[in-house]
Amino acid sequence: MRKIRVSRYSGSETAVGEVASINGSKYIIYLYPERYPEISIGDILLIDSGIYHPIIVVDENIHRARREQGFTPLHTGHDELKEIYPDADRLYIYAISGVNVAYADEKGSVKTGFGPSPRLHDFAYDMEEEDKERLFLDEGDTPNFTILRYLLHGARDPILLREFIARNRDVITKLGDEREVFSAFFNAITEMNLGDAFLKTAIDDFLSIMGWRE
Amino acid sequence: MKVIGSVLEASFEKGIVACLMRGEDPEDYPIGSLAIIDTDRNSYLAILNEVQYTGELNPSILMNIPSRFRDGIMPHVRKRYVNYIVKLIPIAKYSKEKNITEKPDTIPPYGARLIKAVPSEIAIYYGEPDWQKTYPLGRPKLIGEVGYEVPVDIKNLVNLNFGIYGKSGSGKTFIANLLVGYGILYTLYNRGEEDYIDIRFLIFDMHDEYSLEVLDNSRRPIAKGVANIFRKEFVIYTPDIENSNKFRMNYLPIPLYDMPSGYLKMIIEPLGVTQAFLDNLATFEKKIKRVMEKSGNTILSDPGYWILGLILSQETIDRVMSLMDRRETEFIESDRSVTRRSLYDLIEAIENVIGEEREALKSFKAGRRRLIRLLNMPISFKKKYSRTIDEIVKYLINPKGKSVVISMGRYEKTMSVYLALANLIGERLRIKLQEKIAEGMEESPTKIIILLEEAHKFLEKKPGAYSPFGVIAREMRKRGVIIVPIDQKPGDLDPDVTSMIWTNMVFALTDPKDVSAALTGIDNPKLYESIVYSLKPGEAVIYGPAVKFPVVLSIEDYSKVSREFEKRYKEYIGKKRSKSLYEDDLSRD
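Top to bottom, those sequences are chains U and X. Residue numbers are given in our numbering: position 200 of the first sequence equals residue 200, and the series is strictly consecutive. Residue numbers are given in our numbering: position 31 of the second sequence equals residue 31, and the series is strictly consecutive.
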């Protein structure tokens, strides 16, 4: 079984943000303003929490003023505002929420499921493509989409699923034979009682995004 | 004990419904298989009569998936979305408290365990063959298991009428040969025992498959017929003179010498003669005999030849002469003294006497034309053959007699010959037995078992029709004679007869009327119908006293058992010979 390189996810240099709050399997990560444009819904982040490394899938972007009232300079636009107030970003919150789907141990073994909770201010990192692959393979290195069960448990949303597939299309493509990959996907999503409409949409989206419709 | 499912519903009327465990494959569950339902207090033996499933995945989802992906997901779909349901007929119950097997009078509780039946458990219900009183009949269908033979209890089998039904090629003849062989072994092995039954078979062998060789569906011989194996236990008769010479069988033509009109009726009725002719037949007999008695010819003045007078006409005279010329057909006692002239004179004299009544002559001539067909049949006016039927009956009734086979030879497809000989023998047997009963006989000293192929021809429900076998089936069972209808159309049998068939061996049938008739007598017959429709060649539903509980069997391979018969018979003959030598020595001492 291949492992992920947890050592590459440490220090503030490559971090995209920090854990701000935890509510069950949902984490809020405050992103560094300059990294905010890099992170999208469906992306996979890894949190360095010492021994364990929780892995989350981004399900929401949050960007708002830090205070409820006060600094709302409308009709200026972002670029003009930055010229007038170079430190304006400090007055905003750039955050994402994410659903915990897996965790890696200190040796880099990935386990699907809820791991130990991270601490506040633990650094969060955008996962490298080659490490993401590990999330879609079981211990025998055959395709496995069990993480979808955790993702959809935290956020039952067909659009989120679609985005997740789209953001990770290249990784999924590399998992192996398309029939084997599709079966793994199908098996995972049918293990949940998603309802016929959701199921149909999910299968359609998966086949379309992967280019396997015909 | 492998649990394969759980009981969900049960009723006596509809049987038992159980759900299979996830991962069980419906293809492992053939219809007709035995399974066990286990509870804390009892275990129930049940026959599987339906396998079905309900798929819960929306078909529009499945159909939207490109076909190349479908095979891959099917194992998961089956596991996740499909419920496999089996329906079972409870046939027996084993009480763990009382340690007895019995007909079920309770139903298993909800959630009772459905388990695979293994041979050792099945044997609790059916017992095991001992080759003395019980013999292997076939292997039950078990889920993934074989290797156990359900025994047939010969005494219970022959104690009451039994029937063998099935389409052509389904295996009726194989099982009949098998049962006859077992009956013979039973008789040989148990002679002198307290409850010994001296079994005699009377077999009407349409296709020579008892007397010569058993054929497969492509008409290739696969084994010796049972009478050909136990040669000394049988006397074989045939109306086929060539076969009688070739295979050393006794020649049995239709014996017309001195045959009373009552018997003749049974022979000529299938030839399409009118009712008026049949009604007048006794009168014709009287008149023809009167004419013949006055005749000057030594042969033709014998009223025993009256039927010759009945069939003789201007049209048939040449054929009668040629039959007398042809040595291959034994015809009349001394044909040299019969001339064409004397036959013409006889025709004229008969027509004059019958013509005293105009209508009678019309009916006589019309009927006579129909009787031309008799000349195509193996008939004989020789006196010696008129005694053959009595000889056959004697073989059957006499404790020192033998079993009898009527091997049809080249007449295998001539139904009229088959009907004629069977009816003659049947009627003679019936009369002989009734005479014996009148003399005070309670029961025949031998158990006579009549195997009747195409039984519906003899035992159909037809108002006013008379068949000696109908009377035998209805009235002679208690006197030790039983009928074994072997038929592909049990629906055409008289329900009064089928209701008296106790052990039934039902091979594949397709006509609902036949299926329904064949299942008369089983509890909840409707539940077994799907099983009968699904039977493969060589498989049969067996129920009745000869097997303790109903069962679906793959009948023993006759060609294999026939070798066992040969081996055992050889051993038996060897022992008998050495025993008699030993007794001879003792008597000399």
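Hints listed in this document are in silico derivations from the structure and should not be mistaken for laboratory results. Because the structure is a prediction, the values reported are computed rather than measured. Watch out, some of these pointers could steer you wrong.
Each computed DSBU-like pair below joins lysine-lysine, with the alpha-carbon atoms no more than 30 Å apart [to be verified]:
hint, chain 1, residue 1, chain 2, residue 2
1, U, LYS174, X, LYS79
2, U, LYS200, X, LYS79
3, X, LYS575, X, LYS232
4, U, LYS111, X, LYS232
Can you list which hints this structure breaks, lowest number first?
4
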